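Given the coordinates of chain G, work out where chain C should sit on it, guided by the hints.
Number of protein chains: 2
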Amino acid sequence: MNEFDLIREYFTWPIKDPSVTLGVGDDAALFSLEQGYQLVTTTDTLVEGVHFSASTSAKDIAHKSLAVNLSDIAAMGAKAKYYTLAIALPKIDKSWLQEFSDSLRQLSGHYQVSLIGGDTTRGALNITITMFGMVKNSKALTRSGARPGDGVYVSGTIGDAGFCFWKLSNGLIPSNQELKRLNCPTPRVELGLALKNQASACIDVSDGLEQDLSHILKTSSVGAVIEVEKIPISEALLGHIKDTNDWSIPLCGGDDYELCFTVPEDKEEALKKLSESCNVNITRIGVVTESLGLQIKGFDGPRKSYQHF
Amino acid sequence: MNEFDLIREYFTWPIKDPSVTLGVGDDAALFSLEQGYQLVTTTDTLVEGVHFSASTSAKDIAHKSLAVNLSDIAAMGAKAKYYTLAIALPKIDKSWLQEFSDSLRQLSGHYQVSLIGGDTTRGALNITITMFGMVKNSKALTRSGARPGDGVYVSGTIGDAGFCFWKLSNGLIPSNQELKRLNCPTPRVELGLALKNQASACIDVSDGLEQDLSHILKTSSVGAVIEVEKIPISEALLGHIKDTNDWSIPLCGGDDYELCFTVPEDKEEALKKLSESCNVNITRIGVVTESLGLQIKGFDGPRKSYQHF
Chain G
320 MNEFDLIREY FTWPIKDPSV TLGVGDDAAL FSLEQGYQLV TTTDTLVEGV HFSASTSAKD
380 IAHKSLAVNL SDIAAMGAKA KYYTLAIALP KIDKSWLQEF SDSLRQLSGH YQVSLIGGDT
440 TRGALNITIT MFGMVKNSKA LTRSGARPGD GVYVSGTIGD AGFCFWKLSN GLIPSNQELK
500 RLNCPTPRVE LGLALKNQAS ACIDVSDGLE QDLSHILKTS SVGAVIEVEK IPISEALLGH
560 IKDTNDWSIP LCGGDDYELC FTVPEDKEEA LKKLSESCNV NITRIGVVTE SLGLQIKGFD
620 GPRKSYQHF
Chain C
320 MNEFDLIREY FTWPIKDPSV TLGVGDDAAL FSLEQGYQLV TTTDTLVEGV HFSASTSAKD
380 IAHKSLAVNL SDIAAMGAKA KYYTLAIALP KIDKSWLQEF SDSLRQLSGH YQVSLIGGDT
440 TRGALNITIT MFGMVKNSKA LTRSGARPGD GVYVSGTIGD AGFCFWKLSN GLIPSNQELK
500 RLNCPTPRVE LGLALKNQAS ACIDVSDGLE QDLSHILKTS SVGAVIEVEK IPISEALLGH
560 IKDTNDWSIP LCGGDDYELC FTVPEDKEEA LKKLSESCNV NITRIGVVTE SLGLQIKGFD
620 GPRKSYQHF
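In order, the protein sequences belong to chains G and C.
So the first sequence is numbered by my numbering: it starts at 320 and just counts up by one.
So the second sequence is numbered by my numbering: it starts at 320 and just counts up by one.
Chain G extracted, bound-state conformation (with noise of 0.2 Å):
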């Protein structure tokens, strides 16, 4: 099988955005944007023994690689339309194409995102997806409107995917839904479409909460205050924090793809509505400071956030 037939056999599907002029198979894919709106585009990389083990599905790849990079197009506020697909095989396993093309598949499929071009390579299992959406001119939600006496908050539950890791580690065997949660995410894309006209600042948690919401304290140059008390924790690793006494998983456990984001005062009221609409829940850890720096009332045990190299 060469490289064209692999991608005419599980690269290509029909587009049904018409904004998009040509898809798969030229040299370059080509779009129209609407007027009033601006590019934002996003790329992540996941690789075997890194970001998954050898023993994860291809199916599971192939939704955890679309998701993150989803979570990262939620994260701004905007609404995601395209993207490509660089991926590097050992070899080609047509079983696992195929379960790896069905599941890429499906999900654009639920969120209407078009699968527009890419590059099919021999080489160390390494799949690069590169996203695009569209927000309306100055709309964009980025990291850098905190301003102090905002709110700051989490949807859904932190750690999840963290505990599942730590068990994993650890030799013990996680629930279905921990799986799911770490190979499994669920991007926030309602609640971040939504957020644009609420929150002042938003991050996805992908690397931690403590350095994720560190990344929004420093690029506008505020601090924060949250209570571990606070963060919403599954049940399971609440007993886990219990008997260890140790919160450095949801402060630090990464791959949640929950949202983490900042809110004035004056619209706290008008986001309670937003966690009904979205379906998720929206928790208040903390409020942003004039004092830099992040404190966290109630651990203040080592911890140590998730580092690539």
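Source of the hints: derived by calculation from the structure; they are not laboratory data.
Remember, it's a predicted structure, so these values are computed and weren't measured experimentally.
It is possible that some hints are incorrect.
Below are the SDA-like pairs computed for lysine to any residue, each with C-alpha atoms no more than 25 Å apart in a straight line [said to hold, decoys possible]:
#: 1; chain 1: C; residue 1: Lys398; chain 2: G; residue 2: Gly355
#: 2; chain 1: G; residue 1: Lys537; chain 2: G; residue 2: Leu487
#: 3; chain 1: G; residue 1: Lys549; chain 2: G; residue 2: Ala589
#: 4; chain 1: G; residue 1: Lys458; chain 2: C; residue 2: Ser374
#: 5; chain 1: G; residue 1: Lys410; chain 2: C; residue 2: Ser374
Chain C only, in chain G's frame:
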């Protein structure tokens, strides 16, 4: 050195393009598109051991990573504007990174393309660049516009990169000029932009002339006749062909990054001027025909284009 220090140190430099609202350092980058233009996007991966050898310099790897993407955008008749870089590195090697960064920045400056985002991960060396260009609505140069009677053209000389690769594979020492053609290809940026008003179809020669021209023919539902004697070949390669009576290298050697394009008869006169203004040789090697398939006059020996798998 953590990921964020690495990005700050090696992959962040001032962006001069006013259409970029937000560059490296948020969840995603933000840019605007001038009215009346479409976005053109392409992605290309370079993997160690496949696209370059372990002995290739960081300078050349950076150059080639950018050049192959610039070449794809040029082949669309579009102006390259921005790119994202996803790089997987086996380890932090500061001198390697500095050399890679310097080379990338230098070439980016030369072609006025801005690095607006990316991802750095740990893994087998893999460089994936996704590039964005712009082209006036309906002006993109695709593979589908070739018509019977159009001339078939190529830029520069064909087969030099393949000849260099052949020499290396056979224990021979290529000249510096030959190594440059393989490791530091010159994307035909100016020519691609100029061709959008003259050519009916265009592709860049990355997988071999025979294979790449065939893509144009299939997509345009036409055929072509070309003559090997007309293909522009460097003197050294011509000597090799005379010795071996084998035209495989210019027909099937990849990595030339010259443009192959078709031009309607009434525009062939205007084309000659382009050659001068873009300072690149352009050679007519055949003609588009109604009968399908690619007919190659002057050589009917066995040949095999590059296959990725």
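- Task: Starting from G/Lys458, check that the Cα of C/Ser374 is at most 25 Å away, please.
- Result: Outside the cut-off at roughly 47 Å; violated.
- Straight-line Cα separation of G/Lys537 and G/Leu487 no greater than 25 Å? The hint is violated at about 33 Å.
- Query: Is the straight-line distance between the alpha-carbon of G/Lys549 and that of G/Ala589 25 Å or less?
  - Reply: This hinted pair holds, its Cα atoms lying about 20 Å apart.
- Query: Is the hinted pair G/Lys410 and C/Ser374 satisfied, with a Cα-Cα distance of at most 25 Å?
  - Reply: Holds - the C-alpha atoms of C/Ser374 and G/Lys410 are around 24 Å apart, at most 25 Å.
- Within a Cα-Cα threshold of 25 Å, do C/Lys398 and G/Gly355 meet the stated pairing? 22 Å, holds
Going through the hint list in order, the structure does not satisfy hints 2 and 4.
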